[in-house]
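Chains A and B, in that order, are what the protein sequence lines are. The working numbering numbers the first residue of the first sequence as 1 and each following residue consecutively. The working numbering numbers the first residue of the second sequence as 1001 and each following residue consecutively.
Calculated directly from the structure, the hints in this document are not laboratory data. None of these values were measured; they are calculated from a predicted model. Ideal placement from N, C-alpha and C gives every residue a C-beta, glycine not left out. Among the hints, a few may not be true.
What the hints assert, rightly or not - Using 16 Å as the maximum straight-line C-alpha spacing, the simulated EDC-like pairs for lysine to aspartate or glutamate come out as follows: (1) 1479/B to 128/A; (2) 1788/B to 1755/B; (3) 1614/B to 1593/B; (4) 1479/B to 76/A; (5) 1597/B to 1611/B; (6) 1780/B to 1747/B; (7) 1306/B to 1164/B; (8) 1079/B to 1593/B; (9) 1479/B to 132/A; (10) 1563/B to 1574/B; (11) 1391/B to 132/A; (12) 1563/B to 76/A; (13) 1182/B to 1112/B; (14) 1306/B to 1161/B; (15) 1391/B to 128/A; (16) 1597/B to 1626/B; (17) 1788/B to 1758/B; (18) 1604/B to 1619/B.
To be verified - So these bits of chain A aren't anywhere near chain B, every CB distance computed over 10 Å: (19) 5; (20) 7; (21) 18; (22) 21; (23) 22; (24) 23; (25) 26; (26) 30; (27) 32; (28) 35; (29) 57; (30) 104; (31) 155.
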Amino acid sequence: MARRSFLQWPVVRQLSTGDLLGRGPAVTSPQTRSITPRTVTADRVVQSVCPYCAVGCGQRVYVKDEKVVHIEGDPDSPISRGRLCPKGSASEQLVNSPGRQTGVLYRAPRSTQWQHLDLATAVDMVADRFIETRRRTWQQEDEEGRLLRRTMGIASLGGATLDNEENYLIKKLFTAAGAVQIENQARI
Amino acid sequence: MANADCIVIQGSNMAECHPVGYQWVAEAKARGAKVIHVDPRFTRTSAVADKHIPIRAGSDVVLLGALINYVITNDLWFKEYVGAYTNAATLVHADYRDAEDLGGLFSGFDPEKRAYDTSSWAYAEQGEGAIDEPGLSREHGAEASARAAADTFGSGGPPLEHAEVQRDDTLQDPRTVFQIVKRHYARYTPEMVRDMCGINVADFEYLARSITENSGRDRTTCFAYAVGWTQHSLGAQFIRAAAILQLLLGNVGRPGGGIMALRGHASIQGSTDIPTLFNLLPGYLPMPSAGRHDSLSDYLAAVGSKQQKGFWADADAYTVSLLKAWWGEAATADNDWAYDYLPRLTGAHGTYETTMSMLKDEVEGYFILGQNPAVGSANGRLQRLGMSHLKWLVVRDLNMIESATWWKDGPEIESGELRTEDIETEVFFLPAATHVEKAGSFTQTQRLLQWRHQAVAPPGECQSELQFFFELGQRIRAKLAGSEDERDRPLLDLTWDYPTDEHGDPDAEAVLAEINGRQLAGPDAGKPLSAYTELRADGSTAAGCWIYTGVYADGSNHAANRKPGREQGPVALEWGWAWPANRRVLYNRASADPAGKPWSERKKYIWWDQDQGKWVGDDVPDFPVDRAPGSQPDPALGGPAALSGDDPFIMQADGKGWLFAPKGLVDGPLPTHYEAQESPVANALYPQQQSPARLVFPRAGNFSAPSAGTPGAEVYPYVFTTYRLTEHHTAGGMSRWLPYLSELQPEMFCEVSPELADERGLEPYGWATIISPRSAIEAKVLITDRLKPLAVGGHTVHQIGLPYHWGVGSDAIVSGDAANDLLGVTLDPNVQIQESKVASCDIRPGRRPRGQELRALVAAYQARAGLTAETGNRAVTDPMLED
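For reference, chain A alone in the conformation it holds in the complex (with noise of 0.2 Å):
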């Protein structure tokens, strides 16, 4: 082992770079000089809030070579003041989780399997079916005869953590469509 100069005895350190506690420079190895934080290294920093709870904290979301590379709290936040709890300090894994799905899958009638389909067809099929079913399950007015215009066959149930402009493309374009029963976790 290398001796070691009294230059770098702790209380020379803490002294000479006046981190008088030694909490801070004054006690980084040699491993933590050469590194670099991802936060440094970034392209861009995009604020963010978070997608679990309703508290609505703060992100900043670190952007390299357009993949996601860290995302932490954004201290400008009166709500939050840079804080994040384990959920929202792991929701970088959220984006780059190695288990997260990324193509369309499709199961036919008594499949045993998934197969693949791509984007445009599956989003077509679903229109078709959509139209089908609307059109076979109308129900244009109540044995009072009053008025109904609506469909019983399609429903939806969405999570609270849709954008408000999601939930309002989603609740026009279903009430123009007739289709009433159009859920939220919000009644959960």
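Position chain B relative to chain A; hints supplied.
Just chain B now, kept in the frame of chain A:
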């Protein structure tokens, strides 16, 4: 909350479920505030509170009612506040009979309909009359319950025909609200709390003293709750009870006061403001119901009266502006602004009704959008069986959740009830974008909209809901183009044109601008609106959600306002945008006395500035800004003009905070204690055991355990309650696929007391099987003093704690049995939310059986208890009142 002098957290484990929000409780505590946690379990919230008070799950109204009684009996209510700002002095109709007089029922109960005719609860009118709700006909509680009408009061109180109420300002008339409240809670005593909640008298007195010593001119107390209050068969009444207490103590509309709803999902507030709910249109306007809202004039007459006070009188402007936003040029005065393009309700069409409809093959197609009902909804087995009846299912999620895979690896495949090769359902799994892969706004728990900027593009075939629904709408419209069928007009005439980026993703700001609204006519045509007071009912304005008008004022996205907190005052008006009108504390005119002066220097917030002739202060005043404190306009003027200078509750039809609710609730005008659907304890307050108006679903697969004192109750002797952990999120779709979080909380467990472990022979970290009338699940055993057996009504009640994050599947990093499989479906009749915080079970050591043995075990218990579909489902349980 940081401004509170006392904080009572009840029905929430805030420190674990909202850890970062809890810093403000910690801040209040550091400044000397007292923090009290009332909860069945000792949690990390209890650990950092001044005191933990264990309570029997479901008995909260007894405790809150006893606090109300304590405040009134000891003359500790805030007299100037209550007299001026609440309906304490208002007279109720002579026909009203209280639950005290009728064995736990209020006047008007109809056993056939299992619901109330609520008309006798109305305010008295001059002469013999009653002040009804507006509209062509009076709505029976059964109909109001079916459309969960109480949900429409999310931005203001129930409508009244007019606001010309009768008052007795001495509060002595036995028909005043004050006297009725006083009588109603007279038997809610500390001893009753001891016998029903399991809380000793000393603890009750500590709580009562803490809140009363910390309320008044100089001090304020805050309550905080979460789904520990909402998920009950009388959940809305739990919150009403806290509201009565807070009004009596003068803690509403003031800094450090109020009742904080701690919502558990990023935009669950937004999901009701801009609802994806069957019974609402944006801004808490009701979806039209056949028979009640057949024409636009019927609808407008019922939604709000021009003769009532406050801003709901302008509901016509909000409605017409919404119709203009959706149908543009096709919405004209001649066709009632395309009102008949809206589909109609004919009863309850909520998510649990839909599950029952699926089982009857009435639903063909189902969209699941970032939700996991196979794990997260009550009675998971019925949820999964329901889905197996669908023709097609679309699941949009980040991960391969159990709601997408039940057809191959769900519990019913293992038990042999379903066979993959027999299931006809087509399943589409469409991958979704995360919160950083799309731009948009969340509305957090204090009504604050915060914009998220897009950081990166979604990978692979992932799409935002915005893009998916925009494209689905485009495809449907293209396929229907040229249709002559009248039913397709609403789709073809829909305004559905949003600018997109190079990936086809619509511009979320353009959607936000539509929600905000714009002028359609005059020199300012096209200009974004800056306040909902600019909305008109003549078709000259469009706005997709009136309460959000102002978020895009001047064409600028105020949800994206980001002035750092340290550069502004504590109210932080320049961070995000809160509805309505960027107000942070609602009804804040109540922070000043009737003369407009702050109640005290310490609690100064909004006050009347005589020199400027307007309300000023730290927040946006929640009051007509130039209405002087002493103004007494004629109530017959109606609308905002009729608000007196001392009517701070500007969205209430009479301008007052309601101690007694003459309209709006379907299960009683005053919170009343009833036991849960399943309870090992008999209701000591009334012969009526359960809430008579609760919604039940008597059917196979949804049996209930017998209540205390009826045969078979001993088969399911224990209470269980469900809850969350810090490291997981609801049904796990956003946490059980993340390595860090899965490692932190890897498996399902149950919390039991050492006493219960001894009674049932449970081993620490061994397995236990928990059996309810619906299903049986297994969990690892955590034996802990955090759950205390409670002495209730002369015997011991054991409570079992169950986190509900795990589900049975094969794709998540961690899986396990789902607590929600144990729950039945019984709903609060006001809002159709399920009772999932309290139910009955048995527990025994060892793992649950596999294969067909599982259902055999459940059936054996059912047989032993003698269960049928009718068990526990009678509306009226008082033998004196039965037919």
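Outcome of the hint check:
1. Between the alpha carbons of residue 1479/B and residue 128/A the distance comes to roughly 8 Å, so the proposed pair stays at or under 16 Å and holds.
2. Simply put, residue 1788/B and residue 1755/B have alpha-carbon atoms about 8 Å apart, close enough for the 16 Å limit, and the pair holds.
3. Under the criterion of a C-alpha separation no larger than 16 Å, the hint pairing residue 1614/B with residue 1593/B is consistent with the structure, at around 15 Å.
4. Distance hint between residue 1479/B and residue 76/A is unfulfilled; the C-alpha atoms sit about 48 Å from each other, more than 16 Å.
5. Between residue 1597/B and residue 1611/B, the direct Cα distance comes to roughly 13 Å. Compliance with the 16 Å bound is thereby established for this hinted pair.
6. As the CA atoms of residue 1780/B and residue 1747/B are separated by approximately 8 Å, the hinted pair is consistent with the 16 Å bound.
7. This hinted pair checks out: residue 1306/B and residue 1164/B have alpha carbons roughly 13 Å apart, not beyond 16 Å.
8. For the suggested pair residue 1079/B and residue 1593/B, the alpha carbons sit about 11 Å apart, so the restraint of at most 16 Å is met.
9. For the given pair, residue 1479/B sits about 11 Å from residue 132/A by alpha-carbon distance, which is consistent with the 16 Å threshold.
10. For the hint linking residue 1563/B to residue 1574/B, the alpha-carbon distance of about 6 Å falls within 16 Å, and the restraint holds.
11. Of the pairs offered as hints, the one joining residue 1391/B and residue 132/A holds, with about 11 Å between alpha carbons and a cut-off of 16 Å not exceeded.
12. The straight-line distance between the Cα atoms of residue 1563/B and residue 76/A is roughly 8 Å, inside the 16 Å bound, and the hint therefore holds.
13. For the suggested pair residue 1182/B and residue 1112/B, the alpha carbons sit about 31 Å apart, so the restraint of at most 16 Å is broken.
14. Pair hint residue 1306/B plus residue 1161/B holds up; C-alpha atoms about 8 Å apart against a cutoff of 16 Å.
15. Distance check on the hinted pair: residue 1391/B and residue 128/A sit about 13 Å apart at the alpha-carbon level, within 16 Å; holds.
16. Only pairs whose Cα atoms come within 16 Å are accepted, and residue 1597/B paired with residue 1626/B is accepted, the gap being roughly 15 Å.
17. Distance check on the hinted pair: residue 1788/B and residue 1758/B sit about 13 Å apart at the alpha-carbon level, within 16 Å; holds.
18. Proposed proximity of residue 1604/B and residue 1619/B is supported: the alpha carbons are some 11 Å apart, at most 16 Å.
19. With 10 Å as the threshold on Cβ separation, the claim that residue 5/A sits away from chain B holds: the shortest Cβ distance comes to roughly 41 Å.
20. No beta-carbon of chain B comes within 10 Å of the beta-carbon of residue 7/A; the shortest separation is about 38 Å.
21. Here residue 18/A stays apart from chain B, with its beta-carbon at least about 24 Å from theirs, past the 10 Å limit.
22. The beta carbon of residue 21/A is kept farther than 10 Å from every beta carbon of chain B, the shortest such distance being approximately 22 Å.
23. Distance check on residue 22/A: its Cβ is at least 27 Å (rounded) from any Cβ of chain B, clearing the 10 Å threshold; non-interface status holds.
24. For residue 23/A, the requirement that its beta carbon stay farther than 10 Å from each beta carbon of chain B is met, with the minimum near 22 Å.
25. Residue 26/A, annotated as away from the interface, keeps every beta carbon of chain B farther than 10 Å; the closest lies near 28 Å.
26. With a closest Cβ-Cβ approach of about 28 Å to chain B, residue 30/A is found to remain outside the 10 Å limit, as its non-interface label requires.
27. Every C-beta of chain B lies more than 10 Å from that of residue 32/A, the closest at about 22 Å, which supports listing it as non-interface.
28. Separation of residue 35/A from chain B is adequate, the least Cβ-Cβ distance of about 20 Å exceeding the 10 Å criterion.
29. A beta-carbon of chain B comes within 10 Å of the beta-carbon of residue 57/A; the shortest separation is about 5 Å.
30. Interface exclusion of residue 104/A from chain B breaks down, the closest Cβ pair being 5 Å apart, not more than 10 Å.
31. A Cβ of chain B approaches the Cβ of residue 155/A within 10 Å, the least distance being about 5 Å, so the stated non-interface status is violated.
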